[in-house]
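Given chain A, work out where chain B should sit, using these hints.
Number of protein chains: 2
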Amino acid sequence: MAFTIGIDYGTNSVRALVVRCSNGEELGTAVVDYPSGNKGVLLDPGDHHLARQNPADYLLGLEKSVTAALAQATQKKDFSAAQVIGIGVDTTGSSPIPVNEKNIPLALDPKWAKNLAAQCWLWKDHTSHREAAEITRIAAEHRPHYLAKCGQTYSSEWFWSKIWHCLNVAPDVFAAAYSWVELADYMPAVLAGVADPRQVKRGVCAAGHKALYAPDWNGLPDEEFLAKLDPKLAPLRTRLYEKAHDATVAAGTLCAEWAKKLGLPEGIPIAIGEFDVHYGAIGSGIQPGVLVKAIGTSTCDCAIVSADKKVADIPGICGIVKGAILPGYYGIEAGQSAVGDIFNWFVEVVCQGDAKLHAELTREAAAMKPGQSGLLALDWNNGNRTILVDPRLTGLLLGQTLHTSRAEIYRALIEATAFGARAIIERLEEYGVSIRQIVCCGGIAEKNALLMQIYADITGRVMQVAGSSQACALGSAVSAAVLAGKEKGGHASFSEAQAKMTRIKDVSYTPNATNHDVYNQIYALYRELHDAFGGVTASANLGQVMKKLIKIQEDQKKKN
Amino acid sequence: MAFTIGIDYGTNSVRALVVRCSNGEELGTAVVDYPSGNKGVLLDPGDHHLARQNPADYLLGLEKSVTAALAQATQKKDFSAAQVIGIGVDTTGSSPIPVNEKNIPLALDPKWAKNLAAQCWLWKDHTSHREAAEITRIAAEHRPHYLAKCGQTYSSEWFWSKIWHCLNVAPDVFAAAYSWVELADYMPAVLAGVADPRQVKRGVCAAGHKALYAPDWNGLPDEEFLAKLDPKLAPLRTRLYEKAHDATVAAGTLCAEWAKKLGLPEGIPIAIGEFDVHYGAIGSGIQPGVLVKAIGTSTCDCAIVSADKKVADIPGICGIVKGAILPGYYGIEAGQSAVGDIFNWFVEVVCQGDAKLHAELTREAAAMKPGQSGLLALDWNNGNRTILVDPRLTGLLLGQTLHTSRAEIYRALIEATAFGARAIIERLEEYGVSIRQIVCCGGIAEKNALLMQIYADITGRVMQVAGSSQACALGSAVSAAVLAGKEKGGHASFSEAQAKMTRIKDVSYTPNATNHDVYNQIYALYRELHDAFGGVTASANLGQVMKKLIKIQEDQKKKN
Numbered sequence: 001m002a003f004t005i006g007i008d009y010g011t012n013s014v015r016a017l018v019v020r021c022s023n024g025e026e027l028g029t030a031v032v033d034y035p036s037g038n039k040g041v042l043l044d045p046g047d048h049h050l051a052r053q054n055p056a057d058y059l060l061g062l063e064k065s066v067t068a069a070l071a072q073a074t075q076k077k078d079f080s081a082a083q084v085i086g087i088g089v090d091t092t093g094s095s096p097i098p099v100n101e102k103n104i105p106l107a108l109d110p111k112w113a114k115n116l117a118a119q120c121w122l123w124k125d126h127t128s129h130r131e132a133a134e135i136t137r138i139a140a141e142h143r144p145h146y147l148a149k150c151g152q153t154y155s156s157e158w159f160w161s162k163i164w165h166c167l168n169v170a171p172d173v174f175a176a177a178y179s180w181v182e183l184a185d186y187m188p189a190v191l192a193g194v195a196d197p198r199q200v201k202r203g204v205c206a207a208g209h210k211a212l213y214a215p216d217w218n219g220l221p222d223e224e225f226l227a228k229l230d231p232k233l234a235p236l237r238t239r240l241y242e243k244a245h246d247a248t249v250a251a252g253t254l255c256a257e258w259a260k261k262l263g264l265p266e267g268i269p270i271a272i273g274e275f276d277v278h279y280g281a282i283g284s285g286i287q288p289g290v291l292v293k294a295i296g297t298s299t300c301d302c303a304i305v306s307a308d309k310k311v312a313d314i315p316g317i318c319g320i321v322k323g324a325i326l327p328g329y330y331g332i333e334a335g336q337s338a339v340g341d342i343f344n345w346f347v348e349v350v351c352q353g354d355a356k357l358h359a360e361l362t363r364e365a366a367a368m369k370p371g372q373s374g375l376l377a378l379d380w381n382n383g384n385r386t387i388l389v390d391p392r393l394t395g396l397l398l399g400q401t402l403h404t405s406r407a408e409i410y411r412a413l414i415e416a417t418a419f420g421a422r423a424i425i426e427r428l429e430e431y432g433v434s435i436r437q438i439v440c441c442g443g444i445a446e447k448n449a450l451l452m453q454i455y456a457d458i459t460g461r462v463m464q465v466a467g468s469s470q471a472c473a474l475g476s477a478v479s480a481a482v483l484a485g486k487e488k489g490g491h492a493s494f495s496e497a498q499a500k501m502t503r504i505k506d507v508s509y510t511p512n513a514t515n516h517d518v519y520n521q522i523y524a525l526y527r528e529l530h531d532a533f534g535g536v537t538a539s540a541n542l543g544q545v546m547k548k549l550i551k552i553q554e555d556q557k558k559k560n
Numbered sequence: 001m002a003f004t005i006g007i008d009y010g011t012n013s014v015r016a017l018v019v020r021c022s023n024g025e026e027l028g029t030a031v032v033d034y035p036s037g038n039k040g041v042l043l044d045p046g047d048h049h050l051a052r053q054n055p056a057d058y059l060l061g062l063e064k065s066v067t068a069a070l071a072q073a074t075q076k077k078d079f080s081a082a083q084v085i086g087i088g089v090d091t092t093g094s095s096p097i098p099v100n101e102k103n104i105p106l107a108l109d110p111k112w113a114k115n116l117a118a119q120c121w122l123w124k125d126h127t128s129h130r131e132a133a134e135i136t137r138i139a140a141e142h143r144p145h146y147l148a149k150c151g152q153t154y155s156s157e158w159f160w161s162k163i164w165h166c167l168n169v170a171p172d173v174f175a176a177a178y179s180w181v182e183l184a185d186y187m188p189a190v191l192a193g194v195a196d197p198r199q200v201k202r203g204v205c206a207a208g209h210k211a212l213y214a215p216d217w218n219g220l221p222d223e224e225f226l227a228k229l230d231p232k233l234a235p236l237r238t239r240l241y242e243k244a245h246d247a248t249v250a251a252g253t254l255c256a257e258w259a260k261k262l263g264l265p266e267g268i269p270i271a272i273g274e275f276d277v278h279y280g281a282i283g284s285g286i287q288p289g290v291l292v293k294a295i296g297t298s299t300c301d302c303a304i305v306s307a308d309k310k311v312a313d314i315p316g317i318c319g320i321v322k323g324a325i326l327p328g329y330y331g332i333e334a335g336q337s338a339v340g341d342i343f344n345w346f347v348e349v350v351c352q353g354d355a356k357l358h359a360e361l362t363r364e365a366a367a368m369k370p371g372q373s374g375l376l377a378l379d380w381n382n383g384n385r386t387i388l389v390d391p392r393l394t395g396l397l398l399g400q401t402l403h404t405s406r407a408e409i410y411r412a413l414i415e416a417t418a419f420g421a422r423a424i425i426e427r428l429e430e431y432g433v434s435i436r437q438i439v440c441c442g443g444i445a446e447k448n449a450l451l452m453q454i455y456a457d458i459t460g461r462v463m464q465v466a467g468s469s470q471a472c473a474l475g476s477a478v479s480a481a482v483l484a485g486k487e488k489g490g491h492a493s494f495s496e497a498q499a500k501m502t503r504i505k506d507v508s509y510t511p512n513a514t515n516h517d518v519y520n521q522i523y524a525l526y527r528e529l530h531d532a533f534g535g536v537t538a539s540a541n542l543g544q545v546m547k548k549l550i551k552i553q554e555d556q557k558k559k560n
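Line by line, the protein sequences give chains A and B.
The numbering used here applies: residue 1 is where the first sequence begins, and numbers increase by one.
The numbering used here applies: residue 1 is where the second sequence begins, and numbers increase by one.
Extracted from the complex, chain A is given alone in its bound form:
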């Protein structure tokens, strides 16, 4: 008997999962909420773009979640912690942490503990939008090949935007930081006891998708380019990394200190860190032709294409990175900046309701037919990640009368996110990435049958659901099982491990042809709005409306 542990760092909590390698059975699991901030997120009341996290929460959560999951697994008769053969970790990202020379986050030093800039810069922090726009502009002029791999637009959510913003707004923190480490690389390094940022094994997932890393141009962006952003950024390059790795390479082996804390065998391999959705894609059974959609507060879509094939640059797709998900494949990542978050906003902020109201509106909305409300919405309340890659877009609701009910609005918001999902699928196929199967994972995919049916009706595709409710942690455990290898009781390859350890749920959602026809008409109207307000249709002259409103808003706020 052999087992691996997957550890999944989400936005509000960390989850550990103990998995049997032979069949994917989940023997123990435990979730630990981050104690700091608002549900684990440090906020700034004066700037709603800001979202940080306390690195101490990660360490606390690591010990508590793994020991609790092991305690649960130990109650199964054939399990013992001594049989654990590997550990994998996935996290949110891009979530870079400023660290000192010993790879210790600045925030753990009392001197910096209260400084928001010294914390982990959480993926959804949007404070760096000006820097992102500048990086896009400068790269377009001087390094167009950098942009080609990230959909032509560098995002405010990503590594360099955040570090540069830190330099601009908190130069003392920037100066104190010896290096910056992605959370996805930091946690495996902690388990491996790596005490030098230059020794941290960096995953190509974070590097390639967020840090403009590519073997084609010898790793990270060159110093000359970084100096064009700010001369102070250039020297940082040598204190980061030269090479990033796919999941064939171990992040290290479990160090004595953490082996003791967790009650696990010292020296077992630790998988390279990947982003949650990437390991989630593995845990959901990703393979060529399969699109994995992780549907939660936001959405992330993953596809892979054999590395033997030539893959075109796809405009508006967040990233195409070799080895980012599975070794031997290009990993393709797309996503929607807000999905569940939009429904939550409407129910909690606008209607001042709770889970009960979600259920009530869902029930009412389910009784409606497509198009019956006359409403149409754009799903941009948190900007548009794919295919417009523009954080300065905002939401839109159209068609309301004096009789429009809130259930109708609720349904229109669900439909808006489904139209956004369809735009992504169409863009992928347009550029040769064929999608023959869609597997969804995440809480919404499991619980919201109305949303799943609407997604099927709008996309015209069958929507399947991943077998595990903890697809990300399971994917991390799969990666650990492959790394440990067949002789230790793991697996010889990812395809073997996925076949044994992952599955699809029996329930699936099949498109209703009549509904699909109606939605085709409405989707055409969605695209009219999408293209006009997204700036695709230049003649519509509306592409600047949302941005100009944000500019006025910012100017007005400055007057305070």
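Hints are computed from structural coordinates only; laboratory data are not their basis.
Computed from a prediction, not measured in an experiment: that's the story for all the values here.
Among the hints, a few may not be true.
Unchecked claim - With a straight-line Cα cutoff of 20 Å, these simulated SDA-like cross-link-like pairs (lysine to any residue) come out:
1) K548/B - H516/A
2) K551/A - H516/B
3) K369/B - I550/A
4) K547/B - H403/A
5) K369/A - N520/A
6) K548/A - D517/B
7) K551/A - D517/B
8) K369/B - Q556/A
9) K559/B - Q521/A
10) K64/B - L108/B
11) K356/A - Q352/B
12) K548/B - I522/A
13) K369/A - I550/B
14) K559/B - M368/A
15) K548/A - D531/B
16) K557/B - L402/A
17) K369/A - Q553/B
What the hints assert, rightly or not - In silico negatives: residues of chain B with every beta carbon more than 10 Å from chain A:
18) N100
19) E224
20) E364
21) G489
Yeah, the Cβ is synthetic: ideal placement off N, Cα and C, and Gly gets one too.
Leaving out everything else, chain B in the frame of chain A:
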């Protein structure tokens, strides 16, 4: 001492007002809610376009409101009912009533009492939108001069659309109706005891604004044109009227029956009936250069231009009718289909709140600066009456994020109606109707200081408020005082009567220059949306989006 009575038929209730002619003092007032339907409106759960009223409510309300107002006035020491020298009536419109040969509403006959088509077709009934579009189309082809006076588009709220729709959906009612009388003409005829529809003195206000009446083409639309709509409509023309009158002509004198019921002197003159907002404009002191805005659930704007001047046809303005408001002037009417109704929809339907929430959101919204929310809305939840004249337009809200509060939305909706108001002012001035003063009346103008300040800031104009809270009833009383004449204790002219009987409140709202500058930027964006979705900007290709959604909605509803 001389007094007149003004009677104001609103959407939910009727109000009577006893006024002293020498100084406009209001000695007695009483309001009677209509007992039938939902707040006086008969609805059809299956068709939210339908809005009818029970004519019996009007008769009941007439007796109860006048006698109660007189009872109150009688407590003043120098008043007696014998000193009342005239009565004026204003009503909503176009609100046509099918009547029999004796001028009795069909609905008062038990045979028809339960038939919705036999009731008064309330102004806001929108069931006739197909007929309205057909009238516009046929008139554009065969009688373009008909359209020139009503903003190029005939409305579903108007006389012929409603009668034709009755013919289409309730041919039995149409066949049973000897004639149709506007509520504004019906009530004075009741007081005068007129028992033949052909003897009813019709006001040029309703005739000119709603029934395509004009002396230029010899009265109502010709039979050939009506036959093009439907051959059955043509014979109705001779059972309607040949001439309509301005306020220099009396509707009649008080008949014995109603003199007894009300306790008033028999034979006193009854002013010609006008629409509420038109007499309201008089009660608010309208004169050339003054725009009177009646702000309530919807908005109506009135201006006048000397009949000696040449007035251009103004595209998108509901009507320009000689004598419609004041004799000797062109009356110009514009309006917004929903104002207070939009705020009520948001608070009551979306937020499920009440007056307390209105107050709370107003307080929060008042603390915000222009543009601070990043939101922008179109005020079309009930279509657009002016300047697009299109009931098949719908609402739009743009700029929402995951942090948008409901107070921000509330403020954006107020701003949207103010932008709509500005579009009307600009259109009038563009066509030579100069506006040097704006006087507002109605409940919202009196109570909602936030809205009034936003209107001032957005239009860049001082917003004044009419002195009377009952401007419509006061205007009816003014008209009665002029009709009664100076020798009876009334007045020699409208200008004399307005000078003595009407006033402006001391409070007024002056534009804040800084806010006006910001709003100028936002108004430019409003116009981008307005013109794109209103179909003005053909290249934007968005002018059909709302209409196509309504079409899909209607098709889907038919499938039930």
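Which of the stated hints cannot be reconciled with the structure, identified by number in ascending sequence?
-> none
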